[in-house]
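> Each chain, written out:
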Amino acid sequence: MSDFLKIQQINKTFQPDKEVRIEALQDINLEIEAGDFVVISGPSGSGKTTLLNIVGGLENATGGTVILDGQNVTGLAEKELSHLRRNHIGFIFQAYNLIPVLNVRENIEFIMKLQGTTQRACDQGVEEIAKKLHIDDLLKKLPHQLSGGQQQRVAVARAVAAEPKLILADEPTANLDSQNAATLMDMLEHLNQHEGITIIFSSHDPMVIERAKHSIVLKDGKVVSNERFN
Amino acid sequence: MFKTATKIGITSLLRRRTRSALLILMIAVSLWGLLFIEGIYDGMTEQMIANAIRSDSGHISIFADGYRLNPDLSRWIENTIELDEFLNERQQIKSTVARLKQDGLVATAHYSRGIAILGIDLEREANHSHLEGYLRHGELNFGERQRGAIIGFKLAKKLKVAIGNKIILSAQNSAGEMASTALKVKGIIKTHNMAFDENAVFIAAAKARELLSMPTGISQIAISIANEGEIASLQQQLQEEFPNLTIKRWDELYPALQQSRVLMAGFKQVINIIIFSIAALGIFGVMLVSVLERMREFGIMLAIGTKFSQIGIIILVEASILGCAGFGLGALAGFSTLYYFKIYGLDLSVFSSALDEFGLDAITYAIIRPDYFFTALAAIILASVFSIIIPLRILKKTKPVDAINAI
Ligand SMILES: Nc1ncnc2c1ncn2[C@@H]1O[C@H](COP(=O)(O)OP(=O)(O)O)[C@@H](O)[C@H]1O
Ligand SMILES: [Mg+2]
Numbered sequence: 001m002s003d004f005l006k007i008q009q010i011n012k013t014f015q016p017d018k019e020v021r022i023e024a025l026q027d028i029n030l031e032i033e034a035g036d037f038v039v040i041s042g043p044s045g046s047g048k049t050t051l052l053n054i055v056g057g058l059e060n061a062t063g064g065t066v067i068l069d070g071q072n073v074t075g076l077a078e079k080e081l082s083h084l085r086r087n088h089i090g091f092i093f094q095a096y097n098l099i100p101v102l103n104v105r106e107n108i109e110f111i112m113k114l115q116g117t118t119q120r121a122c123d124q125g126v127e128e129i130a131k132k133l134h135i136d137d138l139l140k141k142l143p144h145q146l147s148g149g150q151q152q153r154v155a156v157a158r159a160v161a162a163e164p165k166l167i168l169a170d171e172p173t174a175n176l177d178s179q180n181a182a183t184l185m186d187m188l189e190h191l192n193q194h195e196g197i198t199i200i201f202s203s204h205d206p207m208v209i210e211r212a213k214h215s216i217v218l219k220d221g222k223v224v225s226n227e228r229f230n
Numbered sequence: 001m002f003k004t005a006t007k008i009g010i011t012s013l014l015r016r017r018t019r020s021a022l023l024i025l026m027i028a029v030s031l032w033g034l035l036f037i038e039g040i041y042d043g044m045t046e047q048m049i050a051n052a053i054r055s056d057s058g059h060i061s062i063f064a065d066g067y068r069l070n071p072d073l074s075r076w077i078e079n080t081i082e083l084d085e086f087l088n089e090r091q092q093i094k095s096t097v098a099r100l101k102q103d104g105l106v107a108t109a110h111y112s113r114g115i116a117i118l119g120i121d122l123e124r125e126a127n128h129s130h131l132e133g134y135l136r137h138g139e140l141n142f143g144e145r146q147r148g149a150i151i152g153f154k155l156a157k158k159l160k161v162a163i164g165n166k167i168i169l170s171a172q173n174s175a176g177e178m179a180s181t182a183l184k185v186k187g188i189i190k191t192h193n194m195a196f197d198e199n200a201v202f203i204a205a206a207k208a209r210e211l212l213s214m215p216t217g218i219s220q221i222a223i224s225i226a227n228e229g230e231i232a233s234l235q236q237q238l239q240e241e242f243p244n245l246t247i248k249r250w251d252e253l254y255p256a257l258q259q260s261r262v263l264m265a266g267f268k269q270v271i272n273i274i275i276f277s278i279a280a281l282g283i284f285g286v287m288l289v290s291v292l293e294r295m296r297e298f299g300i301m302l303a304i305g306t307k308f309s310q311i312g313i314i315i316l317v318e319a320s321i322l323g324c325a326g327f328g329l330g331a332l333a334g335f336s337t338l339y340y341f342k343i344y345g346l347d348l349s350v351f352s353s354a355l356d357e358f359g360l361d362a363i364t365y366a367i368i369r370p371d372y373f374f375t376a377l378a379a380i381i382l383a384s385v386f387s388i389i390i391p392l393r394i395l396k397k398t399k400p401v402d403a404i405n406a407i
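Here the protein sequences come in this chain order: U and C.
So the first sequence is numbered by our numbering: it starts at 1 and just counts up by one.
So the second sequence is numbered by our numbering: it starts at 1 and just counts up by one.
Next comes chain C alone, as it looks inside the complex:
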C-alpha cells in the first residue's frame, strides 16, 4: 500500500508540475537562506570566542583574589610553584601562559595614550595564542636585549608608528614610583580583540619585571585544554586546590560572548519556526487545492473500500514528498554554500571597521553542524503532517457518494 501511495503521490505531483515545483523551490530557497545565516552567524560567534580564548582568557584564567576588582601590583599571584606543579600534572591541559599586566602609558613624540602593558613569554605564547597568526607586520621577537615591543594595529595607527619606530613606556612600579623605558616596535598584530588591538603593548616578561620592579609574581595565568567539556571540572578542581585564587572560565570573563551563543540558540529556534511556517503554509495550500480537485478520485477510493487512514497515508506521502524535496534541494544548496564559505571564508572586509569593533575577522569561516539539517528536516516533516490536517478533515466530512457526484 505504501508503494502505491508513493506512486499516487509522485504522479499526482507531476501532474501539477508547476505548482509542485514552485512550492519545492520556495521551501528550498528559504531553507537555503536560513542555513546560510545559521552557518555564518555560528562562524562569527565561534570566531569571536576563539579570538578571546586565544588572545586573552584561555579556557580558564587564574588570578590572585581581588586582582580583577583592583588590578594592581600588590595583587599578583605570588607563589606559583604549587600551581605550576598542579598544572603540569594535568594531562588534559594543552598549554598555559603566564602574563604580567600593569596599566601604563605609551608615548611617542606626538601622542600618548593609556594602555595595558603585558609582559609575556613569546615561546610559551607560541603554543597558546599562536600570535604568529595575528602578526601583520614585523616579527614576533623582542630582540636580544629585550628592547622590543609588539603592539596592535589600531594602536600603531593612533601612535602613527611603524616597525622600528621608538616608543616610550611608563608605569608605576612596585615602589609607587613612575618608571619608564624606551622600546622599539618590532611587530604589529591584529587579534580582533579590542583590548589588544588598541589598548595593549606586549613586551618581554623580563623587561616588564625590570620596569615594574617585580622580580616575582604573575598577574594572570591562562590555560587552554584539549576538551572543552572538561572546562568546568578543571575549574572546580583548581578552586578546591587553591581556594585563595580566583579561577574563571572564559565565559565568565566574556559573558557577552557566551550570551551571543545563547542568543544563537534562540535564533535557531526562530529559524526553525520560520522554516516550519513556510513549509506548513505552502504545503497546506497546495494539498488543499489538490484534495479539492481530486474529490472524485478520493470518493471512488473510499467507495470501493479504501480505509480513511489509507487515504490519509496517500495525502501524507504526497505532502512529505513536497516537504522532503524542498528540504533536499535546500539542504544541498545550503550545504554547498556553507562548505564553500567554510573553506574559502566569506569576505566581509567592506564592513571591516565595523567588524573590528565586535572582535570579528574580515573573513568569516562558516560552520556546518549536522543539527542545522536535522532540526530543519524535523520542522519540515512536522509541517507536512500539520499541513494535511485541514484537507483531511474536509475529506472526512464529505461522503463518498457526494464526492463521486461532485464533478
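Next comes chain U alone, as it looks inside the complex:
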C-alpha cells in the first residue's frame, strides 16, 4: 500500500550551547496512511512537538527524511516549505492561534487570501466552514472576546479553510476543559471521517487519546508503541 506520510530515520538534536546536546528524536520510523486519525502521546519532553514541527516543515531534522504525499519535505528550502505549509498543511497550536487584530471571519479568510482566493470565494468558503463547525455566530468577534474553546474551534476552521491534505494539531485540547476538549475532538473526528483529511494530533489526555484510530507513543525521543485500532 502507498503510504501518505513516511517518516524515515528521523533524528533531531538540539544544541543550545556547546556542552549540551539534547537528543529530542532518535531514529523515528513511521508510516501514516491517507485518511488516518493519529495521536502522538507520551510524557512531556518526549519529542511530540518536535516531531510534529518536523513533519510540518517548521523545524529541520538533523537527519532522516519525511516524505509527504510523494514529496520529500526534509529537502525543501524555506520558500518551498512556506508554500507547503500554506497549501497542504493545516496547523492548530496549543493556544493563541489567532491573529489578535483580525476578527474570526478575517482570521479564517487570512489563509485563503494567502492562497490567492478571491473575496467572493473567501466569503462563500467562510460561510460554509462556519456553518459546518457551528461557529457562524462568532464570525464578527475578535479573538479576545472568545473563550479558549471557541478560539480553538476557530483555529480548526482556519486550518480547514486552507483545504489541506494534512492537519497537524499540537496538544489542541491542553488548555481546554473536558467539555470543550470533547467538542473539539468531535470536530476533528468529523473532519477526518467526512472530509477525509488526515489528522495527526498530540496529547497526553487519555480521554482524547482514545478517540484516535492510530496511536503512537513516544518516550525520550523514541517510538515505544505504534498501534492501529480498527
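Just so you know, the hints here were simulated from the structure itself, not pulled from any lab data.
Just so you know, these numbers come straight off a predicted model, no measurement behind them.
None of the hints are false.
Below, a list of computed lysine to any residue pairs in the SDA-like style, where the Cα atoms sit at most 25 Å apart: (1) 397(C) - 21(U); (2) 113(U) - 6(C); (3) 141(U) - 14(C); (4) 307(C) - 70(U); (5) 113(U) - 321(C); (6) 396(C) - 81(U); (7) 396(C) - 60(U); (8) 7(C) - 83(U); (9) 399(C) - 22(U); (10) 397(C) - 59(U); (11) 222(U) - 401(C); (12) 396(C) - 115(U); (13) 396(C) - 14(U); (14) 113(U) - 307(C); (15) 7(C) - 87(U); (16) 18(U) - 401(C); (17) 113(U) - 398(C); (18) 79(U) - 4(C); (19) 165(U) - 1(C); (20) 79(U) - 311(C); (21) 79(U) - 392(C); (22) 7(C) - 137(U); (23) 399(C) - 19(U); (24) 7(C) - 128(U); (25) 7(C) - 120(U); (26) 3(C) - 145(U); (27) 131(U) - 4(C); (28) 397(C) - 15(U); (29) 79(U) - 398(C); (30) 79(U) - 1(C); (31) 397(C) - 11(U); (32) 397(C) - 87(U).
Once you have looked at the hints, place chain C with the ligands on chain U.
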C-alpha cells in the same frame, strides 16, 4: 492581501493608540515647524529679490562699458536710438526705465550727506517699479516746474526733513564744475533697498540733465520681462546686438540675493534630512517595539504559510500609515499656517530696524510651493521604508516555532 495588511496595520496601531498618536503628533509638529520656516524664509528671500528688481536692477540692466567700474558722466550710454528700437520690438519685455545717476551731495541747514542723484521719469517708473507702493508720505510728483525731490525715509530721518522742506542738491557737472539746485521734498518712500532708502534722491530726469549739463545720454536702463525664464536668452541677444554695452542680469548685480536663494536650496535639503531623521527614528522605535511585542502573532502567520514578503508588506503598511498620518497632519497644519501668512503676512515689525538692514519688509508674506510637500512626503515615505529594515531583520532571524513558543 493589501487590504488585509492595511486592516492589520490600522487595527494594530489603534491598539497602541497612545504610542501611535504621540509619534504621529511628533512627526506632524516637526513637519509643521519646518514647513513654516521654509515658507517664511522663501517669502523673505523672494521679497528681497523682488525689491531689488523693482527698485533698481529690473531683470536686466544695461550700462555703457566701463560705467560700473567707474561711474562718471563720461561713461553714460550715448546713443539710445537703436537700443530703444530693439527693446520696443521685444514682446517679452514688460517695461523699461531709463535712469540718470550721478554721485552728489544733499544738504539742509544742519546737515549734508553724500548720496546718489537719480534722474527718473515718473510715468515710466510707474509701470516698472510701482513706486506708489513704496510711498510713505507726500506724493509722487516733481511738480510743474520739476523742482520736487523724492527721498528715502532713512535719508529723511537723517536730514530731519519732512514733506515741503527744502534741500540743496549739488554735483559735479559734465564740465567738471560744481552745480547746485534747490528742491522741495515732495515724497518720502521706503523701498527696503538700502541704496534708495538712505542714499538716494530721486529728481525729474529733465532736472538732472539741467543740473549735470547732460542734454543726452543715460546711465542705466532697467528692463523687466514677463517670464523670468527668458532672462538669460534676452541678455544674450542684447549682448550680441550691442557688444559695446554691459548687459547684466539682476543676479549678477545682486549676487548676495542669488546666494540667498542657493543657500535656501541647501537649507531645504537640511530640512528634509531633519524630517527624514525624525520620522525614521520615531517610526523605527515604534515599529521595533511593535514587532517584538507581536513575535507570536508573526510566528503564527509564518507558520501557517505567510510569505516573509507579505509580513514585510504588513509591517511596511503599518510604518507608512504612521508616516503618512504624521505627514497629513503636519502638511495640513503647515499649509494652513503658511496660507494664513501668505494672505495676511507675518508682522515682524518688532525687528523692523534689523530687517531694514537686510532689505526686508516688516511684513513678510509666506510662499507656498508644492515641492515643500512633495519632498517632505518623499522623505517620510523613505523614512518609513528605512525604519522597518532592522525590525524585519530581527523577524527574519527568528524561526516561526521559536516565535510561537515565545510568549
Ligand atoms: N528549541 C529547542 N532548543 C533546545 N531544546 C529543545 C528545543 N525544543 C525542544 N527541545 C527539547 O527537546 C525535547 C523534546 O521536546 P518537545 O518536542 O517539546 O517535547 P513534548 O512536546 O513532547 O513535550 C525536550 O527535552 C526539550 O527540552
Ligand atoms: Mg509539546
